[in-house]
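A.B. asks: As a plain string of letters, each chain reads:
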Amino acid sequence: MRSIFRGRKKRKSEPTTKVGDTTTRVSSSLQENIDNINEKLCRSQDLVFRSIEFNGKKGVLVFIEPLTDQNQVLKAIIQPLLKVREGKLEEVIIANYLRQTESFDEIIEHLVRGDSILLFSRSEQAFIVGTEATEKRNLTEPDNEAVVRGPHDGLVENIKVNLYNIRHRIQNPNLTVKFFRVGAETRSKLAMLYIRNLAHPDLVKEVEKRINAIRTDTIMSPGFVTEFMEDCPASPFPQVLYTERPDRVVSNLMEGRIVMLGEGDPTAVVVPVTLFAFYQTPDDYHSRWMIGSFVRFVRLMSFLIAFLLPSLYIAIVEFHPEVLPISLIYSLKSSIDTIPFPAIIEALLMELTIELIREAGIRLPSRVGQTIGIVGGLVIGDAVVRAGLVSNTMLIVVAITAISSFVVPSHELSTAIRVMRFPLMVAAFSFGFFGIVVGLIIIFMHLVKLESFGTPYLAPFAPLRVKDLKDTFIRLPIWKLNQRPHDPHPQRMKQEEPSRGWKKDEDS
Amino acid sequence: MKQIMLFLAGVSLLLLPGCWDQSSLRDARLIYGVAFDQAPQGKVKTTIVIRNMPSGDRKNPSNEVHSVIGNTARQTRDLLDSNISEKLETYKVRALLFGKEVAKKGIYPHLDVFYRDPRASLNSRIAVVDGEASQVFYLRRVGDTLIAEHVDEVLESEEDAGILPKTNVQSICSLLLEPGQDFLIPLLRKTESEEVAAVGTALFHGQKWTGEFNRKESVLYLMLTNEIEKKAQLTIKIHPQHGENPTSYITIDMLKPRLKREVKISPSGGVDVIFSGTVYAKVVEFPENNLTDSDRLEQINHELSRALTLEVKNMLDKMQQANCDALSIGRHLAAFHPEFWKKQDWEKDYAKVRFHPRIKVKILETGITY
Chain A
1 MRSIFRGRKK RKSEPTTKVG DTTTRVSSSL QENIDNINEK LCRSQDLVFR
51 SIEFNGKKGV LVFIEPLTDQ NQVLKAIIQP LLKVREGKLE EVIIANYLRQ
101 TESFDEIIEH LVRGDSILLF SRSEQAFIVG TEATEKRNLT EPDNEAVVRG
151 PHDGLVENIK VNLYNIRHRI QNPNLTVKFF RVGAETRSKL AMLYIRNLAH
201 PDLVKEVEKR INAIRTDTIM SPGFVTEFME DCPASPFPQV LYTERPDRVV
251 SNLMEGRIVM LGEGDPTAVV VPVTLFAFYQ TPDDYHSRWM IGSFVRFVRL
301 MSFLIAFLLP SLYIAIVEFH PEVLPISLIY SLKSSIDTIP FPAIIEALLM
351 ELTIELIREA GIRLPSRVGQ TIGIVGGLVI GDAVVRAGLV SNTMLIVVAI
401 TAISSFVVPS HELSTAIRVM RFPLMVAAFS FGFFGIVVGL IIIFMHLVKL
451 ESFGTPYLAP FAPLRVKDLK DTFIRLPIWK LNQRPHDPHP QRMKQEEPSR
501 GWKKDEDS
Chain B
1 MKQIMLFLAG VSLLLLPGCW DQSSLRDARL IYGVAFDQAP QGKVKTTIVI
51 RNMPSGDRKN PSNEVHSVIG NTARQTRDLL DSNISEKLET YKVRALLFGK
101 EVAKKGIYPH LDVFYRDPRA SLNSRIAVVD GEASQVFYLR RVGDTLIAEH
151 VDEVLESEED AGILPKTNVQ SICSLLLEPG QDFLIPLLRK TESEEVAAVG
201 TALFHGQKWT GEFNRKESVL YLMLTNEIEK KAQLTIKIHP QHGENPTSYI
251 TIDMLKPRLK REVKISPSGG VDVIFSGTVY AKVVEFPENN LTDSDRLEQI
301 NHELSRALTL EVKNMLDKMQ QANCDALSIG RHLAAFHPEF WKKQDWEKDY
351 AKVRFHPRIK VKILETGITY
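Chains as they are written, first to last, in this note's numbering: chain A, 1 to 508; chain B, 1 to 370.
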């Protein structure tokens, strides 16, 4: 079989090194063990030692207070131990996770995860009891991916809850979860999810290889992971899809894609993706297909507007005013006649102002945020025209552009588009329409060359696959989408058998 | 180091052109109308109308009219440019007028500059003024409308009404340069009440004015060339016996008339042109009334056909007298009978062409009468 990942530089992957290779064993002296633990955890003061007694032996219960579920410690360990004074420890302690170990390093590893350790004097065995605390927030709908209709829950910072959320939706034994620990110091947990009989094995291998190749101290978020893994770091376009919606994760899994979840971050990373994936929202599938198609089409048009409108305006005003109809040219001329700057300065001024307002709007607390709306919208918008710094038409152009760039459902792509129009504006100002055309050619060359984990970025447009166009510019009815998209090379293409057979029976 | 130098060279290459072919709308003075007149000693007088649009809330556009005399059209434009602030731009010229004297001498020399400039507006309307063209522009305003816009709108509405041919810089270009093909240009006249009226069309032969049509003849010409897009109105005297009285006239709307033209060469070497077909019409005014009777209708159809054919015949005679081959008979001969065409001296032989209009009128609608 032809590999789908051809022409990529081979990079040798090595397993990540573990902290502290010196494996020591649990000592038989209780005091020595306590000292060792204290030493390993740098005498951290949130470490709790509680003396206990069992079978007449003195022992100690160790845990890190903020990490453990206090209730669980009380109910699973202390209460039973106080009630039943002797017997087999395994039968006394009530916990999901209980393990005996002799390895000292293992003890430390479990301690920092939030488990409790039981040590007894004159014993080289330690017991690890699962008492990990799970602090989680509600499964609220992500603010940046809200939908009108459809599920209103979202992923949270807890990987277990997220897995529950996804497993709950795909009740299928083929859903595979693989855990990785990345970051030499932070030891962050990373989960990789795929459907075994859908995702292409080469793709799975490739993603695993790239995860294993990560050698760094810190992994803060999936953003870090992405930057280590993506194909073309020099591109302004996002090559993975971030989402906080479980339904979106599920639909991508069912298309044979791979999803990565990180502990401590509600963002799921979907690979591989195409440009058109950034323009799909769950809303498209929850409304009727004609309306969905219309909205999808409007959204894709907004891509062109956000990309081209300011540069087209600059090119027309500075180079080709003759293309304007007579009634428009005079009103345009009268509005720009008194402006002291060339169109590019005007445009940059306003674009930067809008970027400033946007950035300030994110950073400011929401109570103060309204002030920004008033200051930005009214004062700058109106005053800048009255002061004769920016023309009315430029203000309209910039406003339409800004609105169109916010239509993109993906924040990453929206930023990419906003950044990409600046070089286009400069090109338009230097060479007119010719400059725009050259700029667009360069951008499209880049897009056609770009790959996301072996998938062409502009698929199914380039390379063209007409069947997949059913769900790109428009969205055809679900029963027309009987094949999975081709770009992640799923193992099974068919995703729907004719489900409307009853219609024929009824008609005949 | 080498890469940095290459990068710097690339960036400076991008920036060095420095907008050399820029033509900003901000620095442009847009000419709305141009008029050419004959000046003494073979010079040309160019008059331009510039539209000014004040910025701000009060949007009352105003016109500026300037005239200058020079050797050629291009030279006069340069002279005007030196008098006027900012750069003159011709890409939005809406009306191009020629004075009678210029039109009689030939209009191509003045149009040449429009055909050579890639930015020139090719869709500006052309008209000939009976008299001096600059006089029209110096009216400055007709009613509330600025003059150049008024001229443009008058021409446009008459085109839509099927009275004047659609004429612009581009449409007459090939006709100007091609033998065996002539054209008509709308004719304007400054009336005594300080207004501008479209009085008919000027007949051109080659690039010179040779005659004129009134409005009715102009409609008939458009009917023969099948250029009437929707309908055209025609008032015909069908009962001359009633004398000068409203009842001797009928007004009809010709509903998109389409006629067939046949060009035949007789064995003796003469050219016969036959126009045949039925014009469907709608009666819009018939003071005599009585159209309900079908026999009477038949009779009127007959009378109308006869009157219309006669009028067309007169129009064609006038065209032949002006030696204006706007029906492109010569072009047809050159294309389909090249051997015959080579033997012809069209300057003289056009007058010998025999036209045979055979036009029937059929009234389809009589309007609402009770």
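Mixed in with the good hints, there may be bad ones.
Claimed, not checked - Quick list of in silico lysine to any residue cross-link-like pairs, SDA-like style, CA-CA up to 20 Å: (1) B:Lys92 x A:Glu322; (2) B:Lys87 x A:Pro340; (3) A:Lys189 x A:Asp202; (4) B:Lys92 x A:Ile354; (5) B:Lys362 x B:Leu297; (6) B:Lys104 x B:Gln241; (7) B:Lys92 x A:Ser331; (8) B:Lys237 x B:Lys190; (9) B:Lys92 x A:Pro325; (10) B:Lys260 x B:Leu297; (11) B:Lys87 x A:Lys178; (12) B:Lys92 x B:Arg116; (13) B:Lys87 x A:Leu163; (14) B:Lys92 x A:Ser327.
To be clear, the hints were calculated from the coordinates, so they are not data collected in a lab.
A.B. asks: Which earlier hints turn out false for this structure, listed by number in ascending order?
C.D. replies: 3, 4, 6, 8, 10, 11 and 13
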